[in-house]
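Novice: Spelled out, the chains give:
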Amino acid sequence: MDTSGLRLEHRYDVELVAVTKRYGGTVAVDGISLRIPRATYCCLLGPSGCGKTSTLRMIAGHEVVSEGDVLIHDTNVTDLPPVRRGTAMMFQSYALFPHLTCLDNVAFSLKARGVPKPERHRRARDYLARVHLQDYAERLPGQLSGGQQQRVALARALITEPRILLLDEPLSALDPFLRGQVREELKRLQRELGITFIHVTHSQDEAMALADMMVIMEAGRIRQAGPPREVFERPADAFVARFIGGHNILRDDTGMVAVRADRCRLGMAAGAPHIRGRVAAVEYQGSSVRVALAVDDGPALSVVMPDDRFFAGPVQPGEEAALSWSAQDAHAIPERA
Amino acid sequence: MIAIGARGRDPRERRPWTFYALAVLMGTFLLFLYGPMFVIYLLSFQGPNGGVTFPMVGFSTVWFEDIVKPGQMANIPVSFGRSILLASIVSLITVLVSVAAGLGFRRRFRGSGILFYLAVASLVMPSLLVGFGIGLGFQLFGWQPDLLSSALAAQLTWTLPFGLFAMFAVFNRFNRSYEEAATDLGANAWQRLRWVTLPILLPGILGVAMGAFTLSYDEYARTTLVAGNRNTLPLEIYALISSSTSPTLFAIGTLTTTVSFVVIGITLALVLRMQRRRALARTG
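Chains as they are written, first to last, in the working numbering: chain A, 1 to 337; chain B, 338 to 621.
Extracted from the complex, chain A is given alone in its bound form (with noise of 0.2 Å):
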């Protein structure tokens, strides 16, 4: 706890060293090492079962670590309770009290200090109108919409005023179009903190929109860890590839290789690399279309193609094709992930 006086600068919010958890024989986080930097929005995604929520967890203190280390600001909280971590957690149902107004949910963490009634509430009624919601002080969660019930967790969250904010999947009980507005809300705010959330999610669309840094996981460990882009770009691993989605895994004659779908194209072009298949299915999305190809004792293949371009040759189903991309476009991954 050191909230007051000269702070040296620390280099990470957080970082683990070689964190591994144990539950009886089954290992679901594997030894994993990650730095993250100062401010920054991290996702943590992966498949169900990946160790991601484990992950997220340890850090909040809410799994004991079987081994390794955890770091925040250059502090190591691995034996320390949650409330010393500075760490604050957004809980996937959001686990409002069901008997507390919002008011009294937001103030909670304050009561538990022992700040007295009038200076609690006065000061949760500042968070609540922070996220809109100073109308409903008085509202049981219960009463509330999935939104504004999430609204109030991050409330009840931030009033602690924390270094790291833990999000377990926050958008996952919203509905579509919800999710986009919450999404961009989530970004503002930590941009406007200055502190770094760690958000698990089982979406990769939502970590790409989202994350500044972006870490995927599989079987209790990391797979990749960088910035979207890098990660979309030069993915590790098959597994990265298909996992992010938007890569065909294909081969050349330099060993394996994923090539964006939206890379690749319908047809053989001279001196480019192909492969023939059959048109599995077309699928129009707007602004592009997507067609799959099924290649015989081969993974499904796909190709995205701007929508102007598939209407200018267009392919049903069942006829015969070929994909062809360019050996610019072909990043080269490991033979076996």
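Certain hints may be false.
Said to hold, decoys possible - Some chain A residues flagged as far from chain B (calculated, every beta-carbon gap over 10 Å):
id, residue
1, E9
2, H10
3, G31
4, R183
5, R191
6, R260
7, G271
8, P273
9, G277
10, Y284
11, A294
12, A300
13, F311
14, G318
What the hints assert, rightly or not - Which stretches of chain A does chain B cover? Using the computed rule of at least three CB atoms under 8 Å from a CB of chain B, they are:
id, region
15, 75-88
16, 107-120
To be verified - The calculated EDC-like cross-link candidates involving lysine to aspartate or glutamate, where the alpha carbons are at most 20 Å apart (straight line), are:
id, chain 1, residue 1, chain 2, residue 2
17, A, K111, B, E516
18, A, K117, A, E138
19, A, K111, B, E517
Hints listed in this document are in silico derivations from the structure and should not be mistaken for laboratory results.
Glycine included, every Cβ here is placed at the ideal spot set by N, Cα and C.
Dock chain B against the given chain A, drawing on the hints supplied.
Specialist: Leaving out everything else, chain B in the frame of chain A:
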């Protein structure tokens, strides 16, 4: 789709004959369940010259007045008071123990399975034998059986396992992330219990309290051998049945049932009010 209003069913959607057969079965069951009780309620308003069977000879409340008049019924109001006192104590202890046990059993500990079965086994023990055993034990140690010692213990062997079962069901539906959120917001263990866990579980806890109260209030088999000199209401009524036959017995039955229903009604109203206030956190 054709809108089928609240007014009725689509005539094309016919119910199968089994629906009517099962409805008759259910109706008969309800008649057997509540019929005898209604007969007793009705007969308790028998006229002053009427007997314990039909026909009703007029309509009066003299049998209710009989209960509070000094005379052979003198013990009824006193034993009613004892039963209420005992049931309150039983209910309180049951709630305290079963809430604590429910909290403890959430964490799997060594021997928790065996402990659970041991606690629950007394539900299947023959009730009369439990009372007999406790009475025997008291005699062995030379203790005097009494309402608030041996009778209390005998009733707890019945209400505690029940309370434990009910609390397990309550805790099963409890989402632990409420507690994690409280910890995350800096609450210590005591604050978390007082401000979050207990208030959220309160409807379930009230249910256990009510259940234990009514179980104790009409307990007979376990209590009869260990009540000592001070009879509870069910014991007093049983004694009366063998010594007198008048509609007063029915009046007592009507009154005690009313008490049970009032207790249940108040608890249900409280729980419903709480639940309505909270609505459902997931909706909306």
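Novice: Could you run down the list of hints and mark each one as holding or not?
Specialist: Status of the hints after comparison with the structure:
{"no.": "1", "hint": "E9", "in the structure": "holds (27 Å)"}
{"no.": "2", "hint": "H10", "in the structure": "holds (22 Å)"}
{"no.": "3", "hint": "G31", "in the structure": "holds (25 Å)"}
{"no.": "4", "hint": "R183", "in the structure": "holds (20 Å)"}
{"no.": "5", "hint": "R191", "in the structure": "holds (24 Å)"}
{"no.": "6", "hint": "R260", "in the structure": "holds (39 Å)"}
{"no.": "7", "hint": "G271", "in the structure": "holds (58 Å)"}
{"no.": "8", "hint": "P273", "in the structure": "holds (51 Å)"}
{"no.": "9", "hint": "G277", "in the structure": "holds (43 Å)"}
{"no.": "10", "hint": "Y284", "in the structure": "holds (29 Å)"}
{"no.": "11", "hint": "A294", "in the structure": "holds (39 Å)"}
{"no.": "12", "hint": "A300", "in the structure": "holds (37 Å)"}
{"no.": "13", "hint": "F311", "in the structure": "holds (37 Å)"}
{"no.": "14", "hint": "G318", "in the structure": "holds (36 Å)"}
{"no.": "15", "hint": "75-88", "in the structure": "holds (count 5)"}
{"no.": "16", "hint": "107-120", "in the structure": "holds (count 5)"}
{"no.": "17", "hint": "K111(A) x E516(B)", "in the structure": "holds (15 Å)"}
{"no.": "18", "hint": "K117(A) x E138(A)", "in the structure": "holds (15 Å)"}
{"no.": "19", "hint": "K111(A) x E517(B)", "in the structure": "holds (16 Å)"}
Comparing the model with each earlier hint shows no violations; every hint is respected.
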